[in-house]
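> Read off the chains here:
There are 2 protein chains.
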Amino acid sequence: VMSSNASSVHIIGCGMIGTSLGLALRRVDWDVTLEDVDPRSVDEAIAIGAGRRRTADEGEPDVVVAATPPGQVGEVLAAAAATWTNATLTHVASVQTRTQDDAVQRGVPARRLVGGHPMAGREISGPQGGRADLFDDRVWVVCPAPTCAPDRVDQVRQMVRLCGARPVDMSVHDHDSAVAMISHTPQVLASVLAGRLVDAPDDVVALAGQGFRDMTRISSSNPDLWEEILRWNATSVTAVISGISEELSQLVADLSVHDDPPAHRVDAVRDVLARGVRGHARIPGKHGERDRPFEVISVMVKDEPGQLARLFVAAGELGVNLEDVRIEHVMGRPSGLIDLSVQPHSAAHLRDGLMGQGFDVRS
Amino acid sequence: VMSSNASSVHIIGCGMIGTSLGLALRRVDWDVTLEDVDPRSVDEAIAIGAGRRRTADEGEPDVVVAATPPGQVGEVLAAAAATWTNATLTHVASVQTRTQDDAVQRGVPARRLVGGHPMAGREISGPQGGRADLFDDRVWVVCPAPTCAPDRVDQVRQMVRLCGARPVDMSVHDHDSAVAMISHTPQVLASVLAGRLVDAPDDVVALAGQGFRDMTRISSSNPDLWEEILRWNATSVTAVISGISEELSQLVADLSVHDDPPAHRVDAVRDVLARGVRGHARIPGKHGERDRPFEVISVMVKDEPGQLARLFVAAGELGVNLEDVRIEHVMGRPSGLIDLSVQPHSAAHLRDGLMGQGFDVRS
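Which chain is which? The protein sequence lines are C and P, in order. Add 1327 to the 1-based position in the first sequence for our numbering, that's all there is to it. Add 1327 to the 1-based position in the second sequence for our numbering, that's all there is to it.
A couple of the hints might just be wrong.
Same chains, same label: a pair holds when it works inside one copy or across any pair of copies.
[Stated by the list, open to error] With a straight-line Cα cutoff of 20 Å, these simulated DMTMM-like cross-link-like pairs (lysine to aspartate or glutamate) come out:
{"hint": "1", "residue 1": "K1629", "residue 2": "D1464"}
{"hint": "2", "residue 1": "K1629", "residue 2": "D1687"}
{"hint": "3", "residue 1": "K1629", "residue 2": "D1460"}
{"hint": "4", "residue 1": "K1629", "residue 2": "D1463"}
What the hints contain is simulated information worked out from the structure, not anything from laboratory work.
Generate the whole structure from the sequences, applying the supplied hints.
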């Protein structure tokens, strides 16, 4: 359509994602204009270099991006389509099917409509959370409307690549099923599990350990935003949650015959757990390889300034790169067990080196 | 009953917990004898200083600990009770009601029986995972049989304290309800969620991000051990899981009216999410205080040896103690976003200090 240098984008919604998009495209000299129902958000996004305000007399942007929650995408894009008759229209919401249907019903021409979803959410909101490199190396799912013109899709893919992200084509349905399973349902389970604590006695709450914390970390997300996401992706979300609810009911039935249960009941419970092990093994490693077998070295450190530093300095001096770090805190104890994940070929070297320097290596 | 110096303990089961118990009590000069169905485990536990083998002619131990999975506690303690007519009998299993019932049914005298559960599990098994300080500052739930002699309970509490742990009395029922909620049900939810990946297309699996990883981390646990735990705590576990299954079914119903849903449906979904936020806020902070408001500073670092070290050295030199560290990896990107949790009064100092040294501080 046009060269990357010549392109212009109008971003509607100056939250964390919209602002990051502006910053990313300013890096490659796109002309970025910004809009938000809250003029202060526009001011803040402009102040950190994400773009500028549109003036009354200027021409069409090449691309319009609705960077809003899913419920506003259709309305925002319909207004944009009416104002600008040639711009390519896209969005960055985590729901595709209903946002696309809604947009088309509101008169957005399908030939100009390309849904998109950058998989780069963080728990930071507002323009201040915006970062030019938020999308670097992230997957950005691209969901063209079925009758969308191919050059419109190319244009969005190009924008995605210029943001540093990796465009991945999916149908709206496949996208919505995928995020229902890997994002929306986990959110629901975390909320439901954490919600059980509301009426729990203090001594029960006090027993919550690392496993419970990990399982409920995302439960502190914004209920209004998530209610909207779940409602807009209800078809896919309810399919997954119904399946899980039935699986849990079956598990309750299998566990309810607990005095001398028949073998098939025991097997059924074990199968649920074993499937979990197999499913977990499919989760890709940090660099994208599946099942990458890191070795974990556990070190106990005192909970004092500089103690973690000593450990990481030692690892760095030994020339070992840490693939992952987990800190397991012990309630009320001024120390923590640090799990260092390393490449297997580095493990013995790191373990010996740390022990040689007097570190309290545990495994 | 007896002074700590004079006490002796016989530990049956040289897994990670039994071996750690031996190591902990050797620190305070208890006479520790060890037994396991696998003689190699006893050898390994002895080799790292966890105790010694019993000889044929020696007298009674003061305390016998069954350090076995729940299904073997009753049998093991019944045999011990028959062999030694005065020893106090305890165990360290994560299920109390059925283990106690089973033991009593097998002839274990209730006046000598004190259930126990150290809240110190890690994902390491076997004697090699044993550590003398595993229990330091951990909660150790103590569940005496209803007709247990008070001096027996005191004796177990004393043993718990000598292990460095904090004894907390609970009824067997309260304990089992608590662990069903904060440990056993999270395990089931993690397994069920991860199990959904088994048949998922590759491009869906590839979208799994940090939230999904956190929600499924514990799903790689041993299915045989967990089947046994769930079955032995079936009454409490099924109560919690039934409740969650029903809540999920209701959520599906509330979400299934997605075109123009009545307000009470929208409110019901939002309430589930909002309850999660409230429940999450009750989880105690690292040092035991509730709702301790750490401030999070995010720093992007390159994924190279020494880079994490540089960051922690800088934090240490600034005199700031890190309360928690989270590393968010981005698939395929040779860098990671490090979230440093610090006391609010240290946040500005750390942020300014890191930025002054050229760190890529994100929030």
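> Any hints this thing doesn't respect? Which numbers, in order?
none
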